[in-house]
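S.K.: Residue numbers (this note's numbering), protein chains in the order written: chain P, 1 to 331; chain W, 1001 to 1340; chain E, 2001 to 2289.
One or more hints might be untrue.
If you want the footprint, here are the derived chain E segments under chain W, 3+ residues with CB under 8 Å [as the list claims (entries may be wrong)]:
#1 2063-2073
#2 2136-2146
Below, computed lysine-lysine pairings styled on DSSO-like, alpha-carbon distance capped at 27 Å [stated by the list, open to error]:
#3 Lys86/P x Lys1300/W
#4 Lys1300/W x Lys1126/W
#5 Lys1126/W x Lys86/P
Worth flagging that the hints you see were computed from the coordinates, not collected in a lab. Glycine included, each C-beta is placed from N, C-alpha and C at the ideal position.
As a plain string of letters, each chain reads:
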Amino acid sequence: MNGAASGALLSVRDLAVTFDTYGRTAQVLDGVSLDVPARRHVALVGESGCGKSVTMRAIMGLLREPPARVTAGEIIFEGHDLLRLKPRARMGLCGTAMSMVFQDPMTSLNPVFTIGDQMRAILAHADRRLGRRRSRAERHARIIAVLGQVRMPDPERIARAWPIMLSGGMRQRVLIAMALLNEPRLLIADEPGTALDVTTQAQILRLLRELVQARGLALLMITHNLGVVREAADYVHVMYAGAVVEAAPAAALFAAPRHPYTRALLDCVPMLSGGGRFRGIDGAPPDYTSPPPGCRFAPRCAAAMPRCRTAPPAFPVGPDHRAACWLVEAA
Amino acid sequence: MEFVFFLIRRLAWSLVVLAGLSVLIFLIARVVPGDPARLAMGPRASDVQVAQLRAEMGLDRPLPEQYARYIGGLLHGDLGRSLLSRRSVNDDIRETFAATFELVLATITLAVLIGIPLGVAAATWKDATVDNAVRLVAILGAVTPSFFLALLLQILAGYELHMLPTTGRMAPSISFVPDITGLMTLDALLHLRFDVFADALRHLLLPSLALAAATTGQIARITRSSMIDVARQDFIDAARAFGIPARVRIWKYMLRPSFVPPLTILGLEFASLIGNAFVVELVFAWPGMASYGVRTILQKDLNAVMGVVMVSGVFFVLVNLAIDVLVGFVDPRIRITGAR
Amino acid sequence: MAAPAQRLSAARQNWHRFSRNPTAVVGAAIVLLVVLAAVFAPLLAPYPGHVGAVVDFRARHHPPSFSHPFGTDNIGRDIFSRVLFGYRVSLSLAAVVLGIAVPFGTVLGLAAGYFGGWSETVIMRATDIALAIPPLVMALAVTAVLSPNLLNAMLAITALWWTWHTRLVYSITRTLRHREYVEAARLIGASRAHILFREILPNCVSAISVKVTLDCGFVILLGASLSFLGLGVQPPTPDLGTMVATGADFLPDDWWEPVMPGLAILFVTLGFNLLGDGLRDLFDVEDVR
């Protein structure tokens, strides 16, 4: 499903990932395609277990193989297919060309090293790879500067602190600082702040957006929070059961959702002005080890028809707007 | 600051354990059926002789008074007199303890230096050949009786291959007195006697290997499982996403948080290590406290036996205190919250 | 991941995991073999009479052969026969020690973990103290003061062994005592005994059984060490540790005399350890050692 295909910084094509468990194989990603153009904010939305995190881990090279296996597709970043790069070369992009903001600030920092030590290591290894020469003092100055940019009070003290001495919100800021330390071109954010309280999460999201905008970074944000998407994303991909079912500019998606799953998802969001219309989606996501034939949403879809036993391709339904549903073709 | 409180609490706790230990040992020695003086003098001694020894050792006083005297002595570091040789138990134990301490130190060093890399290797190549091999070695180490391993090492490396000496701490041809720390290897180095150092090391190798097997296996196993546990943590993924290379992730980011469980195990296992030292010292004729303990036990020299058990207990408590400090040093969570 | 629509039955999954775990299967086979050998020793032993203080000067120090698979000892007895009977001693030692120490330790652990307060303090501090004494040293001291024999050895080992089970059960109970189902049982007025033995104890069973399996090996090892030092089972009762000690005098020429009984100890402790290791994976109780 290509949005602004040619100019994309990151372009995932027909990515398929399986997991082997207890002698069974689960088709967890079934042909995922998405694009992140330079300087744009792209959201990947879907309920838990739909494969958002697996997609993101596949892009960052964090899948555990085994049990995971990439069986098909390509992940093109700045013209190179990451899946065909040598592990060393691929590792070389991590933290410098692309980086990531982790979801849970309580578990994503190493508990036995100070914040400063951990940030110093990130800088030092990146410097070595990129052939940058920097003194210890210069690295320290950089760390303090970035901690300041994420609005940390007293960065010197924070650098000397162990993670356990900081609150969740502060740790999340530290994680953002770590991701930005080497000025990556692409930032992937995995539901940032969901582990925190609502107020802190809002602050973190605002901060992240400001930092990304100011630097002109491309952002791929993974979330199940449609409110966040509406506020922050230029472009949205909706995932269901291991596939992207609809992709559209944010405004178009919210104004005229075309896939039945997207509509159901939007219906789930209680809206202040919505007049009490609020309902869930009946049924449960499919068993990935033996998914239904054809469209994976069909068993839960009110509009399902016999044709849905064959998987629908992504039909263009508007400028940069595609949906994978037979209903759309008929229209 | 919290760490200081943590240490003070551990220290206070160690004192409680030692006090309990003294009561327990005293009870075993005094309340068990049998008359220590009669035991010591043998069946052929006359009743008068036995009564004389009883009076001399204070065995005719009421139990609480005997305990008070015993604990009073302990507080002054006095373990009493041997019922047989009438020598001070302190002197005997002081002479033999250094040898045991050296053996135990060498054993722990071997166990850590072999066990941790084995555990790391097994965790890194989980479920591969390396992992299975390490697992087998760990299990074999844990289940082989120390005395049997000691005998096997003696036969193979000593009698068959003539590679290493099989008894004692030093070749009889060398005259050297470890007069600084009592540790043969260390004192040899301090005196710049490298020939003595090499010889002491050669004597140390087989007994410490025999003694280290069980602990090495445990450390390897625990290191493996705690590394695997840590490898699943988000912060290891995060380190990878931030571009930290695998070598650093394994040996620094994973190993350091994985240290606490093997260290704790080392502390708990330490008691059985001292126990095994008893049989290993006997096989290798190592002139240590354990050999002394076995000898005095066979001679039913109660004061000496109580001394040996008490010193083993103190040794255990001190080692565990040292491990607490080390654990606090390795893991700031323990240092800061004082939790364990 | 989505939950599998149809789950494999728990038993089938357990069996699948057990049978795919070679260490567990080998361990179970060894344990079974040793237990059968011990039970049927009088039938299996080629020279059942060699259990006692029989002397056969013509058969002294014979190397392993067809008629004496493990060779003969210094007074001409068949080592293989004595090993079979030695297993009886080892296994009964483990059975008696654990038969007393495990229930005792479990009840104290339940009490300390569930009631807390002073009972927790007293019981757990007692285990801390007991932990500081090497079991072998304790056993040595006790058997020296009393007289060295199998019964006193059992007594001495039991006196310390319960503490490990108390610590294990205590740590599990502590995590369970505020679980909803325990609170619920308390609210509906279940008796303390019901809560301890019907609600909490069943959750400790898998951990205890792993520990008991591993312990069998370690108690046998400890008993053998004690006999090796001459303070356990006394001759002429066949004991593996004593046989190693006696045989060691004839090293290195008559190597089989200590090596065969030594390997026999290794074999049984290995069996229990492999089995315990396999059960640990099966029950997923990683912390039990």
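S.K.: If a hint holds in the structure, say so; if it does not, say that too.
M.R.: Here is how each hint holds up against the structure:
no. : hint                  : result
1   : 2063-2073             : violated (count 0)
2   : 2136-2146             : holds (count 9)
3   : Lys86/P x Lys1300/W   : violated (71 Å)
4   : Lys1300/W x Lys1126/W : violated (51 Å)
5   : Lys1126/W x Lys86/P   : holds (23 Å)
Hints 1, 3, 4, counting from the list given before, are not met by this structure.
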